[in-house]
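The residues making up each chain are set out below.
There are 2 protein chains.
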Amino acid sequence: MSLSVNRRQEGVQIIHPIPSFAECFPGSEKVYREVEHGRHRLRVPFRRVHLSNGEHLDLYDTTGPQGCDPHRGLPRPRSEWIAEREARGERNHSQMHFARRGEITPEMAFVAAREGVEPEFVRAEVAAGRAVIPANRRHPELEPVIIGRAFATKINANIGNSATHSSIEEEVEKLQWAIRWGADTVMDLSTGANIHETREWILRNSPVPIGTVPIYQALERVGGDPAKLNLEDFLEVLVEQAEQGVDYFTIHAGVLLRHVPLTAGRLTGIVSRGGSLMAAWCLAHHEENFLYTGFERICEVMKEYDVTFSLGDGLRPGSLHDANDEAQFAELEALGELTRIAWEHDVQVMIEGPGHVPLDKVKENVDRELAACFEAPFYTLGPIVTDVAPGYDHITSAIGAAHIGWHGTAMLCYVTPKEHLGLPDRDDVKQGVIAYRIAAHAADLAKGLPRAREWDDALSRARFEFRWEDQFNLSLDPVTARAFHDATLPAESAKTAHFCSMCGPKFCSMRITEDVRRYAAERGLDEGEAVREGLAAKAAEFAAAGGRLYLPEGAGGGEPV
Amino acid sequence: MSLSVNRRQEGVQIIHPIPSFAECFPGSEKVYREVEHGRHRLRVPFRRVHLSNGEHLDLYDTTGPQGCDPHRGLPRPRSEWIAEREARGERNHSQMHFARRGEITPEMAFVAAREGVEPEFVRAEVAAGRAVIPANRRHPELEPVIIGRAFATKINANIGNSATHSSIEEEVEKLQWAIRWGADTVMDLSTGANIHETREWILRNSPVPIGTVPIYQALERVGGDPAKLNLEDFLEVLVEQAEQGVDYFTIHAGVLLRHVPLTAGRLTGIVSRGGSLMAAWCLAHHEENFLYTGFERICEVMKEYDVTFSLGDGLRPGSLHDANDEAQFAELEALGELTRIAWEHDVQVMIEGPGHVPLDKVKENVDRELAACFEAPFYTLGPIVTDVAPGYDHITSAIGAAHIGWHGTAMLCYVTPKEHLGLPDRDDVKQGVIAYRIAAHAADLAKGLPRAREWDDALSRARFEFRWEDQFNLSLDPVTARAFHDATLPAESAKTAHFCSMCGPKFCSMRITEDVRRYAAERGLDEGEAVREGLAAKAAEFAAAGGRLYLPEGAGGGEPV
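Residue numbers (the numbering used here), protein chains in the order written: chain A, 2 to 562; chain B, 2 to 562.
If you are wondering where the hints come from, they were derived from the structure by calculation, not from laboratory data. Fair warning: this is a prediction, and the values are worked out from it, not measured in the lab. Virtual Cβ for every residue (Gly too), placed ideally from N, Cα, C. Fair warning: there could be bad hints in the mix.
[Claimed, not checked] Now the stretches of chain A that chain B is said to cover, found in silico as 3 or more residues with beta-carbon under 8 Å:
no., stretch
1, 264 to 271
2, 433 to 440
[Said to hold, decoys possible] One side of the interface only, derived from the structure: several residues of chain A facing chain B at Cβ under 10 Å:
no., residue
3, Gly28
4, Val32
5, Tyr33
6, Asn231
7, Ile400
8, Ala402
9, Leu422
10, Leu446
Chain A on its own, in the form it takes in the complex (with noise of 0.2 Å):
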């Protein structure tokens, strides 16, 4: 299928090359980890560091094959995979079905090596809701992963074009800038022409899991008149997309009729565009929003291909005044009940959530939705902690996303600096999905995730022992890192200089404790209690020696500078 659309396209070239994994990574190589189930043998991708010191560290690696032909797609490591599931002629792919027969699958397996936990335990976790595995039978590109709030915090990067911008060519390139530095899926945004060409370019070149929001689709169908959108339509659109390979939908099926008067005191109304229309329509008709109504024939299809419900949260405020009001916890309520529904489908769900809210609400957005929604991975959007700073909404959202990952938020959406302001370019797309990386292992850090302060520590030492190359290669933006430090000190040997830019030679206080510490080592002390003992006994000796931390100037460690 996606070589037809090639075909279609062939006039089209990509035409700005991103730079490689090596130009962006440098001192990092891709690492495949073979893990046997069953009859097959997983590769689970790790970017894999290496130090100065001999060591190296292996990171979550989103990336995806590298070096492959856009126009021809990924590899397919899923095939055999899911051809296995067919042939036994299964008719629910959804791997809370498989989970809940206490099947344990390659996609979990994957994932359970991914996170480095026990494959059972991932099997719970999805067979008991709290985690989800947005795996279309028909995306086969996949490198599967998990999103629960016990693994590693996730993030979603949004691309798409638009009435007024952008190009399939420039929507496939930002699917790969954004896994570059590291989102965990992506979101296909279009609304304007050609939405199925750029899926299907999209997907095809995807090996993490692909949104879509259908109702934008659906409108396209019905002219772009709300009050026709209809079920049949709607289903239709489903079909289309889950044939293509679509992993996860979010569908305003909790914008309920009666909720819609409740937001007509907010400051800023309803800024969920599926929110919007959906509200539309209920207003035309006076009738109940007809995703609610035909949510089980919605489950139908969901679960013949396995895409995963992101229950959008069409009434989330728009600003800090509109946050936890009556609107948006009636709608929340109204999801938890379809979280049931599609549970006794076997279907997948997250649950969507805001958008803008003060850090004190922050944590309540979390609480209802793992009450009312039953535990369901919460996916939120930011939040924005102040809507003050528009070109800056990167910044304001990553700290609100950081509060609501720690506490227990699954996934968080990113937004970029052009969020309220306008389209993303490749720059900000880059910035979005760093600030949302921070935010995510900031949040995993606070959960104390067993293995996420390794990296943190690795980065510290290296800091510490003035491995400037390694300090560098660890960060999440090595290039970036490395012309920072260039600004100020560019010669080669101030990267094996033993102090930092910041104070200088003469005046470094990492310097000064590397130099407290060789005085005790030197003279037999050990750490702390002995430290103490020794004191005052040795104060003499160092006063005699010197006492002195510093080198005089120009002597730096024996590397001119």
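Chain A is fixed; fit chain B onto it per the hints.
Relative to chain A, chain B alone:
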């Protein structure tokens, strides 16, 4: 004094003029609210944002007088206030001293008007030690600012040359640039040559409190050998800097001999420069820190000028691994002792805090500080919540800063993108200050500060009503917000268009909500219950009227796009 310095420096030119206030804040005007206080007329600055609907919003303003010749320095609004107190023979010039005597000083009245609270409340908070007004009587150029958790959260920006880089002109420019974007105080951390002259230029051009770390200059006096540091030289440095008008001193008097061994098992030892100097001194002499033993003599200098203590956290953690450890909290206890002593002298005190702390350990820092230091204002560096993102530490730390500010930190010391890597340039200073203005405002919103949300609501209202120019002008960085918008939709007409560029003209959820509301209003529907009751009857009408919530493409609100 500044003039003589300037004459000595007269060959020096400020060569890179920064953009003007008007260029940075289009649509804004500097206004002064006049406040009578005894025989003084105080002029309290605000940034007034004029809106297109005829309204305006006054924001807290740190930018200081504009258009002054830096060689002549700023006007001196405090001269009369200070002269009056000197004339009556005061010996202790501390704001705390006056507050405890029941006197509301012009400085207190000024900050009360600035914060929108009663002067008596300010006096009571200063008297109790819960807030400080750093205001050296030798700094008449100051526009007083209050630092305490009952008030708006403040931010500090560090500037200062170093052995490897920077110049006096650059430092003055950084000061002006930092306060342009919202720094409430500035620390001059210079360690290289000409630190006296640099400081003089900065003070004579600073409307905000200036802090320093006097141990840096004391070290230069003793030839760079920490073992030769001593109280007499240190006191001379204090007097020299106090005479110049420095408003607060970071003094690492809480690093005690018995604390030093507690750091031996750390991943990153002692990372504070002042802290490592004092630790080295303690080890060299096997004596107690002379800043601790000589603390009462230091207090004598502080009260003569009204310099505020910023008791340094010399043992703050330098990595997440070392956060909240025994060394850190042992020092905090010592800082509590010193607070009590300072308060016996009516000397104002802030307490410095970390640094590098995972989110789940942030609140404990505030709670312990408030308990150990009797609610003296807490002043933290970040904290950074993950170590893995050098190059983005303005973001990693803004996350921690917002969180710690919410829980009661009174002032947040900024971190720039160059932290751990190099010296910040002009853009880094701006990025750091803006990230921290975001964090501080997020904290104020979360604390529920009475007027904090006015700003967010004004911007959100402008956003919802498609008043693009107002949205830009109300934002923290209007020029950047406008530039981001124009990158997608550069036409002037797009700024009055009734859609946002993210979704395009046909597909804007804000437009849909507006249509829904208009529909309700036109048909005489009121909010809430009325809507609920009227819905059934009106649905048919809506459908009959076409039920169209979109305009045909190209007819967008009358504006060509």
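Comparing the hints with the structure gives:
no.	hint	result
1	264 to 271	holds (count 7)
2	433 to 440	holds (count 5)
3	Gly28	violated, 14 Å
4	Val32	violated, 19 Å
5	Tyr33	violated, 23 Å
6	Asn231	violated, 13 Å
7	Ile400	holds, 5 Å
8	Ala402	holds, 9 Å
9	Leu422	holds, 4 Å
10	Leu446	holds, 4 Å
Comparing the model with each earlier hint shows violations of hints 3, 4, 5 and 6; every other hint is respected.
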